[in-house]
Amino acid sequence: MWNKQKKDDLPPRPEPAQTAVPGPAREAIPTSTYPSRRPDEAVTRGAALIGKSLVLTGKISGREDLVVDGRIEGDVELPENKLTVGAGGHVQGGIRAREVVVYGTVHGNMEAVEKVEIKRNARVLGDMRTARPVIEEEAYFKGNIETVRAEAPKVAVQRPPAPEPPVQPSLPNATPAHAEARPGEPRKG
Amino acid sequence: MNALPSRAAGVSPDAAAAPDSRKSHGLRALVASLEAGRPLQVMDFGGPVQENIDFITDVSVGAGHRLYIDHLLHSYEYFFSAKEQEEGVFQPGRIEEFVTSALDFPDHSADAILIWDRLQFFPPQVAEAVVTRLRRLLAPDAFLLALFRTDSSGADRAPYTCRILDGQTLQLREQPPPRRIQNFNPRTIQKLFQNYREVKFFVSRESLQEVLIRS
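Chains as they are written, first to last, in this note's numbering: chain A, 1 to 189; chain B, 1 to 215.
For the record, the hints were derived by calculation from the structure and aren't laboratory data.
One or more of the hints may lead you astray.
Pairs of lysine to any residue, SDA-like flavour, derived with a Cα cap of 20 angstroms [to be verified]:
| id | chain 1 | residue 1 | chain 2 | residue 2 |
| --- | --- | --- | --- | --- |
| 1 | A | LYS59 | A | GLU73 |
| 2 | B | LYS191 | B | GLN209 |
| 3 | B | LYS23 | B | PHE202 |
| 4 | B | LYS191 | B | PRO178 |
| 5 | A | LYS115 | A | GLY93 |
| 6 | A | LYS115 | B | ASP54 |
| 7 | B | LYS200 | B | THR150 |
| 8 | B | LYS23 | B | ALA139 |
| 9 | A | LYS115 | B | GLN50 |
| 10 | A | LYS115 | B | GLU51 |
| 11 | A | LYS59 | A | ARG96 |
| 12 | B | LYS200 | B | SER33 |
| 13 | A | LYS115 | B | ASP58 |
| 14 | B | LYS23 | B | LYS191 |
| 15 | B | LYS191 | B | PRO106 |
| 16 | A | LYS115 | B | ARG66 |
| 17 | A | LYS115 | B | VAL49 |
| 18 | A | LYS115 | A | GLY94 |
Pair ranges (Cβ atoms, derived) [as the list claims (entries may be wrong)]:
| id | chain 1 | residue 1 | chain 2 | residue 2 | range |
| --- | --- | --- | --- | --- | --- |
| 19 | A | GLU77 | B | SER101 | 29 to 35 angstroms |
| 20 | B | ALA139 | A | VAL134 | 54 to 60 angstroms |
| 21 | A | THR57 | B | THR100 | 48 to 54 angstroms |
| 22 | A | VAL148 | B | GLU174 | 32 to 38 angstroms |
| 23 | B | GLU87 | A | ARG149 | 49 to 55 angstroms |
| 24 | A | GLN92 | B | SER81 | 23 to 29 angstroms |
It should be emphasised that the depicted structure is a prediction, and the values quoted were computed from it without experimental measurement.
The C-beta atom is built at its ideal place from N, Cα and C for all residues, glycine as well.
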């Protein structure tokens with residue numbers, strides 16, 4: 001019920017060419033892709049960048065941080081990384097990431113294991129599910145917030161190879177067929 | 001186990017000392033109604049306030065509730081034209097259209113609603129339509145908390161930003177710009193909520209009337 005994408009919540013007035021921020025001042029989202037408050041360079045350094053003139057349609061997934069200054073029409077999946085939507089950036093679709101920071105516009109549901117941060121003047125319509133929701137007061141947010149417990153940080157441990165299961169002649173078919181190879185592992189033979 | 005964090009129902013020593021803070025009996029009663037031992041659905045129509053998000057959704061101690069946020073006054077100002085807002089005259093069906101679009105949720109889907117002082121900034125016919133719709137959203141026996149300024153003598157006033165400092169303390173600060181505000185007294189408030197089961201008034205200082213309404 002609450003996780004449905006709130007497309008219906010969009011104000012019924014036709015969307016103007018520039019995305020307007022509801023509020024007394026009725027300021028428009030800046031069209032410049034050089035945000036007035038540039039995301040912390042230290043945080044976004046080394047991240048992939050979708051530039052201001054780029055419009056991408058379709059699903060994006062990967063294992064590196066991403067900064068969006070352009071427009072994405074589709075879902076974004078960066079489960080182990082950070083997504084930053086710059087002040088001129090626009091994501092129309094669902095987001096799943098480790099951390100999400102929004103300076104621009106998001107129309108869609110967001111899920112982040114660690115944190116979702118919606119900055120001043122950002123505009124977000126959609127539900128969020130995260131361990132730590134942070135919304136600055138001059139942001140426009142319309143949606144449902146559900147807080148989840150943060151997962152304990154995963155420690156990369158080199159596990160020894162699992163021992164071969166003992167042979168049980170009496171139960172030849174005990175192991176289900178789909179357990180022969182785990183996803184991502186090559187089949188033997 | 002309480003659904004809310006333990007600090008919610010208690011008193012934070014810092015809260016009472018915070019500037020512009022006040023005891024809120026209405027909030028205390030509403031918070032008590034949320035102690036169901038399971039996550040509930042709360043709706044806050046005052047816009048995003050970090051303290052309220054933390055208080056209601058905090059999962060570190062309690063179950064953590066789901067919180068729907070919208071700034072209903074901004075939605076109203078965005079939906080209606082400046083002329084409609086200025087004149088308070090609406091084409092047939094416009095108010096219903098607004099209420100349907102802004103409050104498009106299943107019936108009985110809210111376990112508590114925080115409308116704060118927002119109703120006072122709507123024209124009477126919009127306020128009535130919103131109140132009617134909110135009653136449908138509320139689960140049976142659920143509460144709605146509203147604030148009314150009783151000293152509004154025609155002058156424009158800025159709506160409050162309402163922060164929940166703890167389970168019985170609010171901090172209220174006016175958030176400019178000022179807007180036209182409607183006059184309410186206990187009788188007109190009672191009439192506004194006449195279709196609700198119960199309307200409870202709490203005396204508050206500084207000409208502020210806290211009203212807790214049961215669906």
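Results of checking the hints against the structure:
1. Between LYS59 (chain A) and GLU73 (chain A) the alpha-carbon distance is near 8 angstroms, which keeps this suggested pair within the 20 angstroms criterion.
2. In summary, the hint linking LYS191 (chain B) to GLN209 (chain B) is supported, as the alpha carbons are separated by about 15 angstroms, within the 20 angstroms threshold.
3. Straight-line distance between C-alpha atoms of LYS23 (chain B) and PHE202 (chain B) comes to about 11 angstroms, which keeps the hinted pair within the 20 angstroms bound.
4. Between LYS191 (chain B) and PRO178 (chain B), the direct Cα distance comes to roughly 26 angstroms. Violation of the 20 angstroms bound is thereby established for this hinted pair.
5. Simply put, LYS115 (chain A) and GLY93 (chain A) have alpha-carbon atoms about 18 angstroms apart, close enough for the 20 angstroms limit, and the pair holds.
6. For a cut-off of 20 angstroms, the pair hint linking LYS115 (chain A) to ASP54 (chain B) stands: about 13 angstroms separates their Cα positions.
7. For the hint pairing LYS200 (chain B) with THR150 (chain B), the CA-to-CA distance comes to about 16 angstroms; that is within 20 angstroms, so the pair holds.
8. With a C-alpha separation of about 26 angstroms, the suggested pair LYS23 (chain B) and ALA139 (chain B) falls outside the 20 angstroms cut-off, and the hint is violated.
9. Restraint check for LYS115 (chain A) and GLN50 (chain B): satisfied, since their Cα atoms lie roughly 14 angstroms apart, inside the 20 angstroms limit.
10. Only pairs whose Cα atoms come within 20 angstroms are accepted, and LYS115 (chain A) paired with GLU51 (chain B) is accepted, the gap being roughly 16 angstroms.
11. Pair hint LYS59 (chain A) plus ARG96 (chain A) holds up; C-alpha atoms about 11 angstroms apart against a cutoff of 20 angstroms.
12. A distance of roughly 14 angstroms separates the Cα atoms of LYS200 (chain B) and SER33 (chain B); the hinted pair therefore holds under the 20 angstroms criterion.
13. Of the pairs offered as hints, the one joining LYS115 (chain A) and ASP58 (chain B) holds, with about 13 angstroms between alpha carbons and a cut-off of 20 angstroms not exceeded.
14. Distance hint between LYS23 (chain B) and LYS191 (chain B) is unfulfilled; the C-alpha atoms sit about 26 angstroms from each other, more than 20 angstroms.
15. Between LYS191 (chain B) and PRO106 (chain B) the alpha-carbon distance is near 25 angstroms, which puts this suggested pair outside the 20 angstroms criterion.
16. Under the criterion of a C-alpha separation no larger than 20 angstroms, the hint pairing LYS115 (chain A) with ARG66 (chain B) is consistent with the structure, at around 16 angstroms.
17. Restraint check for LYS115 (chain A) and VAL49 (chain B): the C-alpha separation of about 16 angstroms stays at or below 20 angstroms, so the hint holds.
18. Under the criterion of a C-alpha separation no larger than 20 angstroms, the hint pairing LYS115 (chain A) with GLY94 (chain A) is consistent with the structure, at around 15 angstroms.
19. In this structure the hint that GLU77 (chain A) and SER101 (chain B) lie 29 to 35 angstroms apart at CB holds, the actual value being about 30 angstroms.
20. Hint check: ALA139 (chain B) to VAL134 (chain A), Cβ distance near 29 angstroms, so the stated range 54 to 60 angstroms is violated.
21. In this structure the supplied range 48 to 54 angstroms is violated for THR57 (chain A) paired with THR100 (chain B), their Cβ-Cβ distance being about 31 angstroms.
22. For VAL148 (chain A) paired with GLU174 (chain B), a C-beta distance near 35 angstroms keeps the hint of 32 to 38 angstroms intact.
23. Roughly 51 angstroms separates the CB atoms of GLU87 (chain B) and ARG149 (chain A), a value that falls within the hinted 49 to 55 angstroms.
24. At roughly 26 angstroms, the beta-carbon separation of GLN92 (chain A) and SER81 (chain B) lies within the given 23 to 29 angstroms, and the hint holds.
Of the numbered hints given earlier, the model fails hints 4, 8, 14, 15, 20 and 21; all others are met.
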